[in-house]
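Trainee: Given only the sequences and the hints, what does the whole structure look like? Please build it.
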Amino acid sequence: MTFPYSKEVLEHFRNPHNVGKMDDPDGKGLEGSAACGDMVAVYLKVNPDTLIIEDISFESYGCASNIATASIITELAKGKTLEDAKKITWKEAAEALGGLPPVKAHCSVLAVEGLRSAIRDYEEKHGMVVEDEPTDEEVVRRRLKHVMNPIKGL
Amino acid sequence: MFDKTVYLDNAASTRLDERVLEAMKPYFFDTYAVATSEFGYSMGIESKEGLERSRKVIASALGGDANEIVFTSGSTESSNMAIKGVLSALKGKKDDHLIVSRLEDFDVLNTAKMLEKQGYKVDFIDVDSEGVLDLEMLKAAITPQTALVSIQYANQEIGTVQDIKAIADICKEKEVLLHTDATHSFTRLPLDVSQIPVDLVTVSAHTIHGPRGVGALYIREGTPINKWMDGGFQEFDLRAGIENIPGAVGFATAVELVTPEENEQLKAMRDRIIERVQSEISHVTLNGSATSRLPQNANLTFHYVEGESITLHLDMMGFAVSTGSACFSRSLEASHVILGIGGDHERAHGSLRFSFGRFNTMEDADAIIDALKEVVENLRAISPLSADD
Amino acid sequence: MFDKTVYLDNAASTRLDERVLEAMKPYFFDTYAVATSEFGYSMGIESKEGLERSRKVIASALGGDANEIVFTSGSTESSNMAIKGVLSALKGKKDDHLIVSRLEDFDVLNTAKMLEKQGYKVDFIDVDSEGVLDLEMLKAAITPQTALVSIQYANQEIGTVQDIKAIADICKEKEVLLHTDATHSFTRLPLDVSQIPVDLVTVSAHTIHGPRGVGALYIREGTPINKWMDGGFQEFDLRAGIENIPGAVGFATAVELVTPEENEQLKAMRDRIIERVQSEISHVTLNGSATSRLPQNANLTFHYVEGESITLHLDMMGFAVSTGSACFSRSLEASHVILGIGGDHERAHGSLRFSFGRFNTMEDADAIIDALKEVVENLRAISPLSADD
Ligand SMILES: Cc1ncc(COP(=O)(O)O)c(C=O)c1O
Ligand SMILES: Cc1ncc(COP(=O)(O)O)c(C=O)c1O
Ligand code: FES
Ligand code: FES
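Sequences listed follow chains P, G and F, in order. To get my numbering, take the position in the first sequence, counting from 1, and add 1. To get my numbering, take the position in the second sequence, counting from 1, and add 174. To get my numbering, take the position in the third sequence, counting from 1, and add 174.
Hints in this document: simulated from the structure, not taken from any laboratory. Misleading hints may appear alongside valid ones.
Between beta-carbon pairs, the in silico distance windows are [unchecked claim]:
# : chain 1 : residue 1 : chain 2 : residue 2 : range
1 : G       : Asp-411   : F       : Pro-200   : 35 to 43 Å
2 : F       : Pro-200   : G       : Asp-544   : 52 to 60 Å
3 : P       : Gly-80    : G       : Asp-302   : 49 to 57 Å
On the chain G side, residues computed to face chain F include the following (Cβ under 10 Å) [stated by the list, open to error]:
#  : residue
4  : Tyr-181
5  : Asp-183
6  : Arg-189
7  : Val-208
8  : Ile-257
9  : His-380
10 : Pro-385
11 : Arg-413
12 : Gly-415
13 : Ile-416
14 : Gly-421
15 : Leu-486
16 : Val-495
Backbone N, C-alpha and C fix where the C-beta goes; we use that ideal spot for every residue, glycine too.
Mentor: Put into structure tokens, the structure is as follows:
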């Protein structure tokens, strides 16, 4: 079999963990848009005393990288404090997946953005931050620019 | 990996037919000389006969004369030659205006864009939501400076077939030359240049179980066209380079092997997929025309899910199909065809193209429908998008 | 007509090697998808691997990197692409001067002539009586406006091999790009681009028992070159059109099948013909260099007789060779190569080219010599020309 994806990616793609919409999430992030082909929603349940992520789930519209990264991100974030979860990078996610095709790096970036945006949503609701930037197509394109070269990949 | 891949991407390329290879073999192993002039040696003269017989087959499949057929390396070359060759021949006369449709494949579209950068004026004609060309817009676009109109006969992705007769009549009346890219319609739908006044037609072998690397360009006698590849005097001094005679013979054989029954069978598989998918899976849109459609093409959007995810799942189950999703393509851009018929990115990303060929069966069509039902349901279960939004 | 033709026109084209076809078959019948992106389906990814493996084989036969190889439809296309692609990329910089040798094959020569008509300045560098390029004239011809030099590595007709290293060093020193047409030398003589600073190299499959319709262009990394065929993004976005993967695989296999022993064997047959003919037939001139010569090529003029007459006699006896006679050629013009080395028309008309390939034996060489003795004697008996004039 000659898939460009690692075993781990394919496993998470086939059987993604922590999927589905959450009722009454404490924090919720939606990144990307159908327009650019990637969209990730992340839902959080947070313990208000410890600020630990007690439950997390995602929904994904996108390619295999997108789905697998969202899946691994929820695994990585579960049980971490918001501060620690914020520090999860797309590189770590990619490593945990045994690598991602360079040209698809933006898909994992987007999943990480989804998590961060859900955390930001929680923090805003709880008066912890104010700054926000809505993610429209323009913002995604800008973010993706540095990771997307259609011919060579990264 | 699987016992057998169910290959439903025949629009991209097809499996060679064994009989085509058998027909090519004598030209690999026995009559392998270059086509010499009639004053060359016997083997070269026999090579030349093989070449000219093949030329006749291609010509008569189009209703043209053998001396109106130039062999090329494929559709891309044929279209480059047609467009660049005509524009350069008309340079200084009707020199600066080219008209193409928005749905052309890259061979025509990117040639047009490149010429636009070089200073040509190019108009891109719109299509309606089924992919049918806007004839009024075409009429209005033609000016005395128009050198060439290039409109495909049938679309590579959504399968919509144009009213080539109406288009040709418009061009004829306005006295402009017409090129049509008939890559997907050739032998599948009739196109008779003795009835329909198109001037140049692009065709290719590998979409009809012929060899890779061979195509042809029909050039109506008297059409102004410059030589496009410089070198020897081959192909009526219009296309230099040693003739690919085994390729030409293979192409001709591939043409001869297509039968009306086969085309009916393709249509039956196409209709099965369109009907069963629409009745058994919710939130599906047919892309392209329901009525004016290539017999071998079905294209459907499965809303709320993304094409690369579907194709990867299908691949792991042994099916090969393609999608208009950006994620699947080399350029990571969504299909210009689906966007061109007014679809949004979501419609492009969720589109799948099923294209049938000689080696497919009705069981293949049924098997992929069953697989799709499962895959689409699973992907929808994790999608943030749904009909409720 | 005969039990077996003795085919000695391998410079024109060769018989396919059965092993080449065997290597191509999996790509006809099992892995027939287009090369998809890595996000395509499995069969397309395997197709792509076949393509890339082939690219590596061609690259390493030249000492280059795989990403410096672009597959084309043949030598003619490779040379068109090299010359037109570089000139258009340098347009407005070093834009208007091209240098070629007088002995180039039509792919280069007619491209140069066409560009000259379009307004480019072209210099045609002379050769000596053996076909060796005049290096001083080359040096003197290079100006700051020179965009490209195109000098073949070995000649198609008289077999003379140029000192490509000396040519490349001159170009390097003067900072101009160098293209070389290596159609006949490829795999027969070493050309290592990691040692010799040529920038572009034309090669082709059908002269080494590979398939018709496949060639390649080596393009040194960083060489300014424009896309030549517009369309899809294939071949590093330099040459559009579906990849001829069976062709590429066949080409690579053909390259791998060439051995040093085979090249020695070709040389032995070549030398046999040159020696026996010169000692057993009077009034014969060797065309091309005696020492710096393709292993597979012998070219001899039989004075006082005309080439087409000889080849027709030989043909009736079962031998296929070619001649520089005007009567034999499609254009009815005498060989520009023989005229280019200072030969007169009589020398061109009486010239025969014997070119050897894998399927020839020493018996073939001896048989044609015996036939020639008879044919030449008979034709001389009826010729009004003789040594006495
Ligand atoms: C409509 C159409 N025209 C032209 C081409 C280019 O054909 P090729 O890649 O065989 O040159 C394609 C390829 O898919 C096509 O679909
Ligand atoms: C030296 C040389 N270059 C280029 C060519 C053109 O090759 P093709 O006809 O394979 O494109 C030939 C053909 O004989 C040749 O001899
Ligand atoms: S979602 Fe489109 S490339 Fe990943
Ligand atoms: S002698 Fe008759 S064509 Fe040359």
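Trainee: Now, for every hint given, state plainly whether the structure supports it.
Mentor: Evaluated hints:
Against the hinted window of 35 to 43 Å, the Cβ-Cβ separation of G/Asp-411 and F/Pro-200 comes to about 38 Å, which satisfies the hint. Between F/Pro-200 and G/Asp-544 the C-beta distance comes to about 29 Å, which lies outside the given range of 52 to 60 Å. One distance hint, 49 to 57 Å for the beta-carbon pair P/Gly-80 and G/Asp-302, holds here, with the actual separation near 54 Å. For G/Tyr-181, the interface hint holds, since its Cβ comes within 10 Å of a Cβ in chain F; the closest pair sits about 7 Å apart.
Among the interface hints, the one on G/Asp-183 holds; its C-beta lies about 6 Å from the nearest C-beta in chain F, closer than the 10 Å criterion. Annotation: interface hint on G/Arg-189 holds; nearest CB of chain F at approximately 4 Å, less than 10 Å. For the restraint placing G/Val-208 at the interface with chain F, the shortest Cβ-Cβ distance is roughly 5 Å, inside the 10 Å limit, so the hint holds. Residue-level restraint check for G/Ile-257 holds (minimum Cβ-Cβ distance to chain F is 9 Å; threshold 10 Å).
Annotation: interface hint on G/His-380 holds; nearest CB of chain F at approximately 6 Å, less than 10 Å. About 7 Å separates the beta-carbon of G/Pro-385 from the nearest beta-carbon of chain F, less than 10 Å, and the hint is met. With a cut of 10 Å, the hint placing G/Arg-413 at the interface with chain F holds, because the nearest CB-to-CB distance is about 9 Å. Contact between G/Gly-415 and chain F, as hinted, is supported at the beta carbon level, the nearest pair being about 3 Å apart and thus within 10 Å.
Hint on G/Ile-416 holds. Least Cβ distance to chain F is approximately 6 Å, under the 10 Å limit. A distance limit of 10 Å between C-beta atoms decides the matter here; for G/Gly-421 the minimum to chain F is near 5 Å, and the interface restraint holds. Checking G/Leu-486 against chain F: minimum C-beta separation of about 8 Å stays under 10 Å; hint holds. For G/Val-495, the interface hint holds, the least distance from its beta-carbon to any beta-carbon of chain F being 7 Å, beneath 10 Å.
The structure is inconsistent with hint 2 alone, although it conforms to all the rest.
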